[in-house]
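There are 2 protein chains.
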Amino acid sequence: MNKVTEFIESNKEKNLNELIDFLRIPSISSETEHKRDVLDAANWLIENFKQIGINNTRLIETEGHPLVYAEYKSSHPNAKTILVYGHYDVQPVDPIELWESAPFEPFVKNGKIVARGSADDKGQVFVHLKAAEAYLATHGDLPVNLKFIIEGEEEAAESHIDEYIEQNPELLACDVVIVSDTEWFYYGMPSICYGLRGIAYFEMEVTGPNRDLHSGTFGGAVDNPIQVLSWMITQMKDKYGRITIPGFYDDVLELTPLERENFLKLPFNLQEYKADLDVREVAGEMGYTTLERVWARPSFDVNGMKGGYIGDGQKTVLPSKASAKFSFRLVPNQKAEDIIQKVVKYLEKLAPPTVHFKVRPTAGANPVLVDPQGPSIQACINSLEKAFGKEVVFMREGGSIPVVETFTKVLKSPVVLMGLGLPNDNIHSPNESFSLENFYGGILASAYFFDEFSK
Amino acid sequence: MNKVTEFIESNKEKNLNELIDFLRIPSISSETEHKRDVLDAANWLIENFKQIGINNTRLIETEGHPLVYAEYKSSHPNAKTILVYGHYDVQPVDPIELWESAPFEPFVKNGKIVARGSADDKGQVFVHLKAAEAYLATHGDLPVNLKFIIEGEEEAAESHIDEYIEQNPELLACDVVIVSDTEWFYYGMPSICYGLRGIAYFEMEVTGPNRDLHSGTFGGAVDNPIQVLSWMITQMKDKYGRITIPGFYDDVLELTPLERENFLKLPFNLQEYKADLDVREVAGEMGYTTLERVWARPSFDVNGMKGGYIGDGQKTVLPSKASAKFSFRLVPNQKAEDIIQKVVKYLEKLAPPTVHFKVRPTAGANPVLVDPQGPSIQACINSLEKAFGKEVVFMREGGSIPVVETFTKVLKSPVVLMGLGLPNDNIHSPNESFSLENFYGGILASAYFFDEFSK
Numbered sequence: 001m002n003k004v005t006e007f008i009e010s011n012k013e014k015n016l017n018e019l020i021d022f023l024r025i026p027s028i029s030s031e032t033e034h035k036r037d038v039l040d041a042a043n044w045l046i047e048n049f050k051q052i053g054i055n056n057t058r059l060i061e062t063e064g065h066p067l068v069y070a071e072y073k074s075s076h077p078n079a080k081t082i083l084v085y086g087h088y089d090v091q092p093v094d095p096i097e098l099w100e101s102a103p104f105e106p107f108v109k110n111g112k113i114v115a116r117g118s119a120d121d122k123g124q125v126f127v128h129l130k131a132a133e134a135y136l137a138t139h140g141d142l143p144v145n146l147k148f149i150i151e152g153e154e155e156a157a158e159s160h161i162d163e164y165i166e167q168n169p170e171l172l173a174c175d176v177v178i179v180s181d182t183e184w185f186y187y188g189m190p191s192i193c194y195g196l197r198g199i200a201y202f203e204m205e206v207t208g209p210n211r212d213l214h215s216g217t218f219g220g221a222v223d224n225p226i227q228v229l230s231w232m233i234t235q236m237k238d239k240y241g242r243i244t245i246p247g248f249y250d251d252v253l254e255l256t257p258l259e260r261e262n263f264l265k266l267p268f269n270l271q272e273y274k275a276d277l278d279v280r281e282v283a284g285e286m287g288y289t290t291l292e293r294v295w296a297r298p299s300f301d302v303n304g305m306k307g308g309y310i311g312d313g314q315k316t317v318l319p320s321k322a323s324a325k326f327s328f329r330l331v332p333n334q335k336a337e338d339i340i341q342k343v344v345k346y347l348e349k350l351a352p353p354t355v356h357f358k359v360r361p362t363a364g365a366n367p368v369l370v371d372p373q374g375p376s377i378q379a380c381i382n383s384l385e386k387a388f389g390k391e392v393v394f395m396r397e398g399g400s401i402p403v404v405e406t407f408t409k410v411l412k413s414p415v416v417l418m419g420l421g422l423p424n425d426n427i428h429s430p431n432e433s434f435s436l437e438n439f440y441g442g443i444l445a446s447a448y449f450f451d452e453f454s455k
Numbered sequence: 001m002n003k004v005t006e007f008i009e010s011n012k013e014k015n016l017n018e019l020i021d022f023l024r025i026p027s028i029s030s031e032t033e034h035k036r037d038v039l040d041a042a043n044w045l046i047e048n049f050k051q052i053g054i055n056n057t058r059l060i061e062t063e064g065h066p067l068v069y070a071e072y073k074s075s076h077p078n079a080k081t082i083l084v085y086g087h088y089d090v091q092p093v094d095p096i097e098l099w100e101s102a103p104f105e106p107f108v109k110n111g112k113i114v115a116r117g118s119a120d121d122k123g124q125v126f127v128h129l130k131a132a133e134a135y136l137a138t139h140g141d142l143p144v145n146l147k148f149i150i151e152g153e154e155e156a157a158e159s160h161i162d163e164y165i166e167q168n169p170e171l172l173a174c175d176v177v178i179v180s181d182t183e184w185f186y187y188g189m190p191s192i193c194y195g196l197r198g199i200a201y202f203e204m205e206v207t208g209p210n211r212d213l214h215s216g217t218f219g220g221a222v223d224n225p226i227q228v229l230s231w232m233i234t235q236m237k238d239k240y241g242r243i244t245i246p247g248f249y250d251d252v253l254e255l256t257p258l259e260r261e262n263f264l265k266l267p268f269n270l271q272e273y274k275a276d277l278d279v280r281e282v283a284g285e286m287g288y289t290t291l292e293r294v295w296a297r298p299s300f301d302v303n304g305m306k307g308g309y310i311g312d313g314q315k316t317v318l319p320s321k322a323s324a325k326f327s328f329r330l331v332p333n334q335k336a337e338d339i340i341q342k343v344v345k346y347l348e349k350l351a352p353p354t355v356h357f358k359v360r361p362t363a364g365a366n367p368v369l370v371d372p373q374g375p376s377i378q379a380c381i382n383s384l385e386k387a388f389g390k391e392v393v394f395m396r397e398g399g400s401i402p403v404v405e406t407f408t409k410v411l412k413s414p415v416v417l418m419g420l421g422l423p424n425d426n427i428h429s430p431n432e433s434f435s436l437e438n439f440y441g442g443i444l445a446s447a448y449f450f451d452e453f454s455k
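Those protein sequence lines, which keep their order, are chains A and B.
Number 323 in the working numbering belongs to position 323 of the first sequence; there are no gaps in the numbering.
Number 328 in the working numbering belongs to position 328 of the second sequence; there are no gaps in the numbering.
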């Protein structure tokens, strides 16, 4: 490994310059006028794969932006296989006026490279190419088989990678999937995320009278759809913050005492959290801390609601209709499909006879929990600790990464979330950045992982 | 009176043709492109006043559309004074495609004149000009002093008549105000409305975190403004449909047993009411009928609400903000100012410490109750019964006519709501109409009222 780490050390400048080159391509997948740029970014990756000696690489066309595939077969017999996932597309740049400099003119400031896509996810995925390069340049081989699947639609409304995975389980077969698209808990604290929440998303609509009514002529005698909807929303949680859907908690996996202890050790500062959000008090399920609530307990949020007259001034209307979008975040071992059925059943029963009621599930993704005792996680811990010289912390995330569940489900392989971002990297916001320490250290960590995992 | 009634009888065709002429003017006060038409309608009225022999008439400029004023001084010493209020502006015509014929090309069909403004309010106000004409043409005098104040902004967003009344109480001083801008309870059932509900209108806003949050990363730990607002809305009524604001019912005047009995005698059909609205069940304050609820009990309606993402598809947002417009309908003897204070106090106390809360009253109007035993109402009953040969019924209305309260407050005169519309006249809707029976009968009734009230 010494040659590998020396190579990485002596190629810092070259690697940074290549990343800058990659970051210059405005591969915004959700904006049609950048379609060509997205393709350019895909081809840039293929070119880089070839340069580092991985020649089995190609574009995979989809109905949207293409996937980049690359594969290296180790000469070691019985070598294990690592599949690296990442994305080469980026978020839009708005609001552009809040950027200190142009989003696609990368520059280094205070030990960070500032550019759209630097942390999310070009910088993080590029780490693994440079680790492979170091191995190939110094040993002419890798101790593991390496596969890459890098998508260009992670930030787009519609993505085709899940479909592709489902249709190509043999091509993508592997012993572990490594995903670097998450964040550390805190600066200087290498982190492994071992849990993601799932989601069940719905739309509902309450229709009262068949037309908007005059609130003077009818007010007090005809039920108001906004008020019915508001009441139904309040009936979904009790006063202790627990969701009231019957059977909702049936499959919820409780946190272990060790997990709760570990969460408490993390440098989470509730005062700072509240100050940052400008709320006097947080709220949530009684008996759990804030980190437990967002990482390991289910939640219910109304994501949008509208009804009646919402323009300027006043209108004395008793509206015919009100609607809402709402979602539940799910935790291991809840199943989206099961929750969807329970929610629909509960709401249909709850709706009063004064209105017509419709509810429609629009999306679902199961939660993910990776066994923190598994060999792939152990290899990841060792690699991060060697690369960064610090102890790894375990965390979960409250959001969902649907492709992670697809990997788990289709490939039956463990997924390791070896994130390298930092909480203040401003992903999806102006002045996105990526710490150079994490970029250089990430390359080392990836190289160590190839070694550790091959053992 | 015989000469008067004969004159009215023999001038039916002329009166109808004049009304048609008046209805041809598209005096839509809320649409800037009709500003000239609104002025034309005002001038048309002034011309008609002069033709019938009322020469003391003039336009009164306001910051919006002008008021039409006219006055006739009776030669009888100690003659009492009647002030007639009405409006010459009309509602917009949308949706135009639902009209059987052009809204400003009046035509007669099935005993009704169909045109925008026919019932609301050109036809109803014109009745009183034609009654005065009949008197002046046959007697060269009127038994009462007659004043008219006819506004051109009743259907506009902003109206200046209240201000004008407040500034000119002497000019408008009178013994009774007669307003024909309401409806009968039912076809063939001359009606006197003796009560109107008042209103208190508000906007409120709940702000949680200082920015929209990711519902995965924060959901379950940070209070959701839509859910807080929904909860606050549900806290404004108990499960028996009563408003929970402390002191809200303090001044509510209960219905008398006689009033309840009279309401029950009216041909109100709850099955038809529900079928018309397409609701399986009505809802409201326990212990009251539907008519009692809308005419004589206060109500609470959310008129509009919005928060979060309301576009197509899904967005996993925990929104920063949610807002609502809401209003209370008030009944005698509630005071809008008192209710506004109680509501604001209650809501500010109700708002939880997880959010920032703002509530703002935007309008208030007191309810109106006319003493059904007073001499002006008695004169009105007699006049309607003579003109239509049917017994008068007493009703209230659930809406508010703010100018009525201004008349009551400033002029200290009783107001008589001598409406002539019918429930199926489609006011504010396509194919607005006015019954010819009520038009001709209304002229007679107005003439009888001049006579009755002079006694």
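Hints are computed from structural coordinates only; laboratory data are not their basis.
Backbone N, C-alpha and C fix where the C-beta goes; we use that ideal spot for every residue, glycine too.
Hints are not guaranteed to be accurate.
Unchecked claim - Here are a few chain A residues that sit away from chain B, every Cβ distance over 10 Å (derived from the structure): (1) T81; (2) L255; (3) F394.
As the list claims (entries may be wrong) - Below, in silico cross-link-like pairs of lysine-lysine (DSS-like), each with a Cα-Cα straight-line distance of 30 Å or less: (4) B:K306 - A:K345; (5) A:K315 - B:K390; (6) B:K345 - A:K274; (7) B:K321 - A:K239; (8) B:K12 - A:K306; (9) B:K412 - A:K306; (10) B:K342 - A:K358; (11) B:K274 - A:K315; (12) B:K12 - A:K237; (13) A:K358 - B:K345; (14) B:K274 - A:K239.
Checked hints:
For T81 of chain A, the non-interface assignment is confirmed: its Cβ lies about 30 Å from the closest Cβ of chain B, beyond the 10 Å cut-off. Non-interface call for L255 of chain A relative to chain B: holds, since the shortest CB-CB distance, roughly 14 Å, exceeds 10 Å. The Cβ of F394 of chain A sits about 17 Å from the closest Cβ of chain B, beyond the 10 Å cut-off, so the non-interface label holds. Distance restraint check for K306 of chain B and K345 of chain A: the Cα-Cα separation of roughly 26 Å lies within the 30 Å cut-off, and the hinted pair is therefore satisfied.
Of the pairs offered as hints, the one joining K315 of chain A and K390 of chain B is violated, with about 37 Å between alpha carbons and a cut-off of 30 Å exceeded. Between K345 of chain B and K274 of chain A the CA atoms are separated by roughly 27 Å; this keeps the pair inside 30 Å, and the hint holds. A distance of roughly 22 Å separates the Cα atoms of K321 of chain B and K239 of chain A; the hinted pair therefore holds under the 30 Å criterion. Taken as a hint, the K12 of chain B and K306 of chain A pair is broken in the structure, with Cα atoms around 51 Å apart against an allowance of 30 Å.
Our distance criterion of 30 Å between C-alpha atoms is broken by K412 of chain B and K306 of chain A, whose separation comes to about 43 Å. This hinted pair does not check out: K342 of chain B and K358 of chain A have alpha carbons roughly 36 Å apart, beyond 30 Å. Of the pairs offered as hints, the one joining K274 of chain B and K315 of chain A holds, with about 24 Å between alpha carbons and a cut-off of 30 Å not exceeded. Between K12 of chain B and K237 of chain A the CA atoms are separated by roughly 67 Å; this puts the pair beyond 30 Å, and the hint is violated.
Proposed proximity of K358 of chain A and K345 of chain B is contradicted: the alpha carbons are some 36 Å apart, above 30 Å. For the suggested pair K274 of chain B and K239 of chain A, the alpha carbons sit about 35 Å apart, so the restraint of at most 30 Å is broken.
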